[in-house]
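Let's have the full structure, built from the sequences with the hints guiding it.
Be aware that the sequence shown starts at 1, since it is given in our numbering, and climbs by one per residue.
Any given hint might turn out to be false.
[Claimed, not checked] Pairwise CB distance ranges, derived in the manner of DEER restraints: (1) L6 - S38: 14 to 20 angstroms; (2) I18 - S38: 36 to 42 angstroms; (3) L31 - K4: 17 to 23 angstroms; (4) A30 - L6: 30 to 36 angstroms; (5) G13 - M33: 14 to 20 angstroms; (6) D2 - L31: 35 to 41 angstroms; (7) L26 - L3: 32 to 38 angstroms; (8) A46 - F15: 21 to 27 angstroms; (9) L8 - M33: 32 to 38 angstroms; (10) E9 - K37: 17 to 23 angstroms.
Treat the hints as calculated values from the structure; they're not laboratory data.
The beta-carbon is built from N, C-alpha and C at its ideal position, and this holds for glycine as well.
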Amino acid sequence: MDLKKLFLEENVGGFDLILRTLLGVLGITALAMNLVKSSPLKWIIALIAFTGLFTSIIRHCTPYVILGINTAKK
1 MDLKKLFLEE NVGGFDLILR TLLGVLGITA LAMNLVKSSP LKWIIALIAF TGLFTSIIRH
61 CTPYVILGIN TAKK
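Written out as structure tokens, the structure is:
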């Protein structure tokens, strides 16, 4: 498997991109407004928010490559 394809090729787009961005923004907002009370849950929401925003910014999801999924239009 080509490492460039595995780590750099865009494979996130459309509805998937919007959903990832929305989840990231909602997670950051919930954490900033202190809506989450328990500490372990805060870490889980922070991880989901960071992952959602990061993958929507770079438009790449490594598990998608492994599973053969591509939602980006070419």
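**OP:** Check the following: the C-beta atoms of D2 and L31 are separated by a distance inside 35 to 41 angstroms.
**Re:** The hint (35 to 41 angstroms, Cβ to Cβ) holds, given that D2 and L31 are roughly 37 angstroms apart.
**OP:** Return holds or violated for the Cβ distance of L26 and L3 against the range 32 to 38 angstroms.
**Re:** 33 angstroms, holds
**OP:** Indicate whether the distance between the beta carbons of G13 and M33 respects the range 14 to 20 angstroms.
**Re:** Given a distance of about 30 angstroms, which is not inside 14 to 20 angstroms, the answer is violated.
Subject >> Cβ distance range 17 to 23 angstroms for E9 and K37, holds or violated >> reply: Hint violated: Cβ distance 40 angstroms, outside 17 to 23 angstroms.
Subject >> S38 and I18 - C-beta distance against the hinted 36 to 42 angstroms >> reply: 29 angstroms, violated
Original post:
Taking 32 to 38 angstroms as the hint, is the beta-carbon distance of L8 and M33 inside that range?
Top reply: 35 angstroms, holds
Subject >> Range hint compliance [Cβ, A30 to L6, 30 to 36 angstroms] >> reply: Holds, since A30 and L6 (Cβ atoms, about 32 angstroms apart) stay within the stated range.
Original post:
Between A46 and F15, is the Cβ distance one that fits in 21 to 27 angstroms?
Top reply: 24 angstroms, holds
Original post:
Range hint 17 to 23 angstroms: satisfied by the CB atoms of L31 and K4?
Top reply: For K4 against L31, whose Cβ atoms are near 34 angstroms apart, the range 17 to 23 angstroms is violated.
Original post:
Does the Cβ-Cβ separation between L6 and S38 fall within 14 to 20 angstroms?
Top reply: Violated - the Cβ-Cβ distance for L6 and S38, about 36 angstroms, lies outside 14 to 20 angstroms.
When the structure is compared with the earlier hints, violations turn up for hints 1, 2, 3, 5 and 10 and for no others.
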